[in-house]
Amino acid sequence: MELIVSSAIGFMTAAAVYLILQKRTFPIVVGLTLLSYAVNIFLFSSGRLVVNQPPIITGAESYTDPLPQALVLTAIVISFGMTALIVVLAIRGFLETATDTADLPEDEWDDETETRS
Amino acid sequence: MLLAIATLTPFLGAVVPLLTGRLGRDICAIATGAVTLTALLLVISQAPAVYSGEVVTWGVPWVPAIGLSFSFFLDGLGLFFAGLILGIGLLIILYARYYLGSKDSLSVLYFYLMLFQGAMVGIVLSDNILMLIVFWELTSLTSFLLIGYWRHLPESRQGARMALVVTGSGGLALIAGMLILGHIAGSYEITEILQRGEQVRSSPLFLPALLLILLGAFTKSAQFPFHFWLPHAMAAPTPVSAYLHSATMVKAGLFLMARLWPVFSPADVWFLIVTPVGLITMLVAAWIALFRDDLKALLAFSTVSHLGLVTMLLGFATPMAAITAVFHILNHATFKAALFMSAGIVDHETGTRDIRRLGGLAAMMPITATLAMVAAASMAGLPFFNGFLSKEMMLEEASHTAILGHPWVIPVLVTLASLISAAYSYRFAISTFLGPVRDDYPKKPHDPPVGMWLPVAILAALVVVIGIFPAQTAGAIVERTARAVVGEPLPKYYLALWHGFTPALFMSITALLGGAFLFRSYDAANRLRLVFSSMDAKSIFDAAISGLIRGSRGFIDATHNGSFPRYAGTTLLTILAAGTVGFFSAPYTSGARPAIPGEFPAAAAWLVLAALCISLLFWHQNRLLSLIMTSGIGLIAALFFLQFSAPDLSLTQISVDIVTTILLLLALNLIPQTSPQETSTGGRFARGLVAAAVGIGVAALAYAIMTRDFQPISDYYLAEAKPGGGGTNVVNVILVDFRGFDTYGEIIVLGIAAITIFALLDNALRGAAARTLAGIRSDREQSVNAHPMMLVVATRVLFPLVLVVAVFIFLRGHNEPGGGFVSGLVVAIALIMQYIASGYSWAADRMRLGSHILIGAGVLIAGLTGVVSLIFGWPFLTSTYTYVELPLVGEFEVASAMSFDLGVFLAVVGVVMLSLAQISRVEARAEPEVIPEGPMDVPLIDGQVVSSKNNRS
Chain A
1 MELIVSSAIG FMTAAAVYLI LQKRTFPIVV GLTLLSYAVN IFLFSSGRLV
51 VNQPPIITGA ESYTDPLPQA LVLTAIVISF GMTALIVVLA IRGFLETATD
101 TADLPEDEWD DETETRS
Chain B
118 MLLAIATLTP FLGAVVPLLT GRLGRDICAI ATGAVTLTAL LLVISQAPAV
168 YSGEVVTWGV PWVPAIGLSF SFFLDGLGLF FAGLILGIGL LIILYARYYL
218 GSKDSLSVLY FYLMLFQGAM VGIVLSDNIL MLIVFWELTS LTSFLLIGYW
268 RHLPESRQGA RMALVVTGSG GLALIAGMLI LGHIAGSYEI TEILQRGEQV
318 RSSPLFLPAL LLILLGAFTK SAQFPFHFWL PHAMAAPTPV SAYLHSATMV
368 KAGLFLMARL WPVFSPADVW FLIVTPVGLI TMLVAAWIAL FRDDLKALLA
418 FSTVSHLGLV TMLLGFATPM AAITAVFHIL NHATFKAALF MSAGIVDHET
468 GTRDIRRLGG LAAMMPITAT LAMVAAASMA GLPFFNGFLS KEMMLEEASH
518 TAILGHPWVI PVLVTLASLI SAAYSYRFAI STFLGPVRDD YPKKPHDPPV
568 GMWLPVAILA ALVVVIGIFP AQTAGAIVER TARAVVGEPL PKYYLALWHG
618 FTPALFMSIT ALLGGAFLFR SYDAANRLRL VFSSMDAKSI FDAAISGLIR
668 GSRGFIDATH NGSFPRYAGT TLLTILAAGT VGFFSAPYTS GARPAIPGEF
718 PAAAAWLVLA ALCISLLFWH QNRLLSLIMT SGIGLIAALF FLQFSAPDLS
768 LTQISVDIVT TILLLLALNL IPQTSPQETS TGGRFARGLV AAAVGIGVAA
818 LAYAIMTRDF QPISDYYLAE AKPGGGGTNV VNVILVDFRG FDTYGEIIVL
868 GIAAITIFAL LDNALRGAAA RTLAGIRSDR EQSVNAHPMM LVVATRVLFP
918 LVLVVAVFIF LRGHNEPGGG FVSGLVVAIA LIMQYIASGY SWAADRMRLG
968 SHILIGAGVL IAGLTGVVSL IFGWPFLTST YTYVELPLVG EFEVASAMSF
1018 DLGVFLAVVG VVMLSLAQIS RVEARAEPEV IPEGPMDVPL IDGQVVSSKN
1068 NRS
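As they're listed, the protein sequences go chains A and B. Under my numbering, the first residue of the first sequence is numbered 1, with each subsequent residue one higher. Under my numbering, the first residue of the second sequence is numbered 118, with each subsequent residue one higher.
Read the hints as simulated data drawn from the structure, not as lab findings. Incorrect hints may appear among the rest.
Stated by the list, open to error - Label-pair distances were calculated between CB atoms; the ranges are:
#1 Leu-89/A / Gly-218/B: 52 to 60 Å
#2 Leu-125/B / Leu-89/A: 43 to 51 Å
#3 Trp-736/B / Leu-89/A: 18 to 26 Å
#4 Met-118/B / Leu-89/A: 39 to 47 Å
To be verified - Output of the computed footprint for chain B on chain A, the stretches with three or more beta carbons under 8 Å from beta carbons of chain B:
#5 27 to 37
#6 40 to 51
#7 58 to 69
#8 77 to 86
Keep in mind it's a predicted model, so treat the numbers as computed, not measured. For every residue, glycine included, the Cβ atom is placed at its ideal position computed from N, Cα and C.
With the rest of the complex left out, here is chain B (with noise of 0.2 Å):
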């Protein structure tokens, strides 16, 4: 529970600085300071117990079903690392106070800190892999932020990008691999998977987790061949760079691997990855750093060698090794942040980086010189200096480490790359600090307040005491933390100071005089390096996200072009393709369903749709007819559903079909009644190879289903229709019983797409749309007789009797075919009858009930009925009937789904109402002349009838 809290402390406390950003600088900072303060004496508390020999856990299930839980857990390695996050956080705390300018909003920059705080913490204190991802993406995220801080300048926007993009892509990779992780070993919980290393180590799928995992950790760690966003990143504020890029985050990588080494460490691969890795980065950012002129830019190349070393060490796969990395992981922690507030401490007090411009500092800043000397000596690996120690014990297990054979390799690289780092080590310190005094600072250096340089006091502190006292200071902990990461009880070793003569002795005195011998010929070296013009890792990396938006800008412009029908056609394609893929990729055997055996009127359906459907393909353009086509197709359909014992079906079918019909012929008097010729024969040909592909691809899916036998899972619905039901008719009492919630859900969108047609057309007489209505009025030409007398007199008494069948359809629908849906189609046709009969303003006015109140009411009458099951304590939208006697009709039931019935109905009425008449309105604008009012167009002047004719005239 405390380690839950301690996590979310810092998450929580983010608000503080917020809070305080206005009572001043130094509340602030001590609000802010208290909170992390909180958070590491809660992970302290702990310690005794850790110490003890305790694992400590806690954690609830979170979403079981995806092994997600909310637990953490303290060890050894857990604590050494949130003690490191939470003491060094306080300091850079205090740092920073004194480091940003007025202009610069400390307490953001404190919300930021504290955010990242918790997900450092968050990350080596979760249990759950899962967890530990959410908070791996919350560093990165949150480390964007940070480097990104001065957001007016360019290179902060860069550096902060590429950070993200290189970490956010490793944490991709980390996802899938601890996906993979978690699934072969059978629990997401590291302290299970710990136990399970011999399962894991023997699953096929151990490598792609593996190379995923360690591509999280490289990309994290700034590995090589990404660590080319480190310097980038150093466009943060100083206390950022301190921070997340030597203290904490760009170590993540190494917790990891340090974390889940007892799993992979004996596997052969891990070693052949990950210890050339390390090497490489250690020797090659060791390089790259001696010729840095900016200081923060020559720390953070070093910070990517020495976690180069620390990967190295870890690949080892000896315990003696993780030892060494633990020891090093602590006194690089110490002297790297040391180094980065000293560099940050230069720079606020000259105004420059650039080593060229500096030198003598010692005698304007001896306390920044000491304190930054210290820490450099470190850095070099000078005895008496903590740096020196576990340089000499990395030394040690190099010199007896032979890779693929060749036991030298490793052992002169590493020595290489110590001689290197001593050299930018004696450059960093000799050419700031020492030398003499020059008087063309930028501005005059002093040593800055003591709050600034206390920080830096207690590391290089801590960096002598360790180097000199290394068993009784540090001991404990590298002790506890070693045993955490191997996993088992650690072989005999000192950290002493003295080890005798030993080979890496040797190495280390070869290091310390060869790099004092580079730094001398610092101006020969460069000469070299200025040979070998080394690719800017930049540069590739603007390059390739460069290529990749051209590249993806490409496929865009060539796929999604702007072109409906380029759309359509990439799409059909790529269902086409994949479905061929399908059928090719497996072996196909004919079905054995008996067929039906054909009938005459099936053939001469078949024949007149096939005729309709070719004919479409050439006669599209005269629109009308393509439409009749299409609707004589849709009768077709309603046989067909007629033939297969689908008589619900085709009653719809058929409503369906004629309501479409209309729908489309009002829309056709709005728009061109043509299609021009637009397209190519080649286009055409082209359009008619893909269509005819789809279908055929269809037609085969098709029959391929028919032929084959399967088990439906109707049984339940004819067995339960008529006892639970109430009804006959099983479609009717699936549609409104049985799966309720799914009509009730359909009305809803029926509902919504109604509200849109309204919105799209209700403003639609207004600005351009008006334009092109006028255009259409002037164009058009009328009809003498709009409303034939015929027509109205037909339809109105017509009226009443289509109403009381939609009642008889609507009654009978629970038993019989019919219901809702189609007694609510019928009702519209009726009335969309008379809009077309007598004109829309006729109708329009003898409308009592408007639409949008028929779809509304509908909605509601069936929700109402389900509430109402809820009330007797049933689930949503149970239904139950009862039997009426009615004088006449006879015994009858009602079913309580009527109700629920109704309201579909009157939703399907509203909905097709709504539609139709919105675009009758719409083309009521468009008619030439306004159609006289009164029944069936004819005029009245004064009470006489006058013939149309005579009027017009």
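Okay, chain A solo, but in the shape it has when bound (with noise of 0.2 Å):
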């Protein structure tokens, strides 16, 4: 079972690293959600994979770990936070360029390297 947990985890990063390295924005807001999406699974896999034991006091004989669920619980809706702002700067973004593209282009950076130097 770690064996599929594992490598699923190794699909998702792998599909979301190369969503990201895409040079529009919505692949990027997709991909980096998927990659939380990963993320919130390793972290949840780091406290062990436990099943058919409960988080909940009944009287069981053992229990799961409830410490990384309580981690990864607000980590799922903080990723979701994170999507909603990165989203809405690519929103942003494209209204005020008609672009989506994450690049900025390519005369604003010489001018900016011009006014650096």
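Bring the two chains, given one by one in their own frames, into a single complex with the hints.
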């Protein structure tokens, strides 16, 4: 099972990284969303995989580790906040410049280098 | 206590010149002088104690955890330097009053000078080496301000920058060296470190510490090969040059070497580094000084040469040499400050400092000429002046010091250096003041006002008095100071004019006569110099700096070229490289944790997930499709959480997955629906390679972690959840109770993100953005049935039901899976469905509570819950609970954590609503047609239902 989960994490990460390396904003946003899913599962599994042991006090023999669960729960919600912020940045960027590339246009960059030097 | 006050007095007093600046120059100078005098008197008041053999200490802890304390100590060495700094500082204040032209602001110069003075006094009185470093850096910064005082002059700015770069980088090395020193000595107090010399020298880290500290000292004291910055710093006003570059700052490096002398000097490596560096500096700088035509440049290189002399003496590592070093520091400070000020007077009165345009000034400015020639005689090492005494002692020491088995190398080279030194001193005095009177001075020279020559006269008097009666005047000071440097009783020695026919006497005579000969044959020597066309250190420095700038710019342009994929790729590859190095630098053993057997459903889910991930690579250009596939992966993640005993996470993941998908769908409406194929096959392949490498790395890491056992720290949470937190759902109790502070911070972060989104989109309907929106509007095809009746009816009917479910999830959250986060997301989804089904304007009209208010109320309620526990005297966010009996529902408990969870709930609803509603609002602007007002889009005309199709046609 560990092999299944870790390879699944690997697949998700690889797909996410491939999307993040694209030139347009939307694939990057989708890639980040996917990456946050992968990272959340990764963090969760650092508490080790446990089957059929509740995180709820019921008088059971043994329990799963609740701490990674609590941390990942907030991480899931926070990653939503991050995705929302980034996608809005992408929208605003597109509305302002009428292009959705994630690169600084060549000429603008040159201007900036000149003022820097 | 007095020591701390003495150190802080110049800092606090730095405002005095600024405050009195408007009252006229005299008052300003007197007030500033009074500050320095106060500090001087405070230090001198401790002199009797120090001279009776005490070491005065005072300190309070500052940051004990890192060994930093606010501690001072005063012994002979500290007193000597503090006296030098404050005493000469007083003379400089007087001199600057008359030197500075009416256009320059005296109060600003005084302000910088006082800050500098405070930093210098701090260096010499600090007991803690970390505090010493702070003051050390302060001198670099304040000297930058002082050198660049005439900021309109380019050479002034360049000189200041060069001094800052050289002494600043030396300061960085010094920080590292001092930290190592403190680490191996086990204390950061100098008084302690001095006791632990043996321990320090036996450490394997001794050599790096020594090298780094020497680097700091050599850069500060302009030792070869860092000597080049000092002459360029002469662009400063003369009072500054006289103060910083002869009397004080450049001596900070010497001070440091003298301070740590007992710790370092017994090591052989000390002699082998410090002595040659000092010797080479002494020789090279004297040779350069001889050929400078600018009086100040000549003096600057002469200073470097003399600093080299003292460095060499300290390098000899014998008590006698240390005594000589101290004596020479004193003598050099007197005659060199006098010479700088004389050069300033000449510059001030004749309008030039160029030796070739001067000469014969003795007739026109006799006072200045006399004083300057007295000081120059001391610099040359003529008898009856103090320079002679310490130079003789130096020659005596050098005459019996062998280096690497060669007994003659050092004596010959120091004699040669003294010879050149005598030659440039003659040149300074004779070519400036003697000879025929000229008629082409830029200004008509005459003696300056008393205030300007008085400081020179005081110093020149000292030069003569010490020169004739050394034991009576300087004996006690040298004795006590050298005693502090050496740290143990001194051998017998005499400060006297006549020591008999010693080797030193002959070396001295050779130097003086040879110097005269060299000066006579100056032109021949100058031709000789031109043969060896010397490298200009400044051009090397400039080339090095511009090379660094080019190099870093090239690196930045390659990695940071404005292209996001490039940034991300660089970052990822760096992480990958670090991980790979880490993996291969340690042995690998596989983990011992028993594996959970695989199951068919898991394998099926894995297949789906892998298929989705691979499809994403090929079809991501269809953005809608990529979104749906990502959403599918999110659902599998939810299943994963369910399988591995995390029901709370599963619930949250499903809700977040839905909300995220809706969010991205909304966004997709405003941006292009497809990504163009822009990358070449090679580019795609390279990206795939990086992605695969990262994926494999993460998978391997995850596998390595999961197959190893570990000791969880959660036993406490499991044991205390019910009795302490009053809930059986440990995850929820951790969120709202044990780690409630984290959660509180978390909802604040979410709130900030939402408000940022609001700010980003609120004004997106104007300017360029509005034009893009108009473009989208004209291009877009709209569904005839924008708001299908089925969806409208279903969402409205479901809405109250969903709310009830949310309340249920919320209430059970403390004991069963659920809680504020999940129920907040559920309510938000229900609300969003109304927006989707019935349109933005319809839904927005019916939102009575603004999302801002929800976020604010949520954070406020959560915070107040914490504050309430403060009121009861418990720590912030302590929770309590009680049992309540309700009819129908039965007995259930109410925990104060529930009100915290309510805050979380409200904040989450607010955040999701604000983000999505803002996007919808912008979207509503992009609609080609206004959606008719009315229930379910059915337009009403005069109260009659009209079909939308009819309406449109």
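Status of each hint after checking the structure:
{"no.": "1", "hint": "Leu-89/A / Gly-218/B: 52 to 60 Å", "verdict": "holds (55 Å)"}
{"no.": "2", "hint": "Leu-125/B / Leu-89/A: 43 to 51 Å", "verdict": "holds (49 Å)"}
{"no.": "3", "hint": "Trp-736/B / Leu-89/A: 18 to 26 Å", "verdict": "holds (25 Å)"}
{"no.": "4", "hint": "Met-118/B / Leu-89/A: 39 to 47 Å", "verdict": "violated (56 Å)"}
{"no.": "5", "hint": "27 to 37", "verdict": "holds (count 7)"}
{"no.": "6", "hint": "40 to 51", "verdict": "holds (count 11)"}
{"no.": "7", "hint": "58 to 69", "verdict": "holds (count 7)"}
{"no.": "8", "hint": "77 to 86", "verdict": "holds (count 9)"}
Hint compliance for this structure: hint 4 alone is broken.
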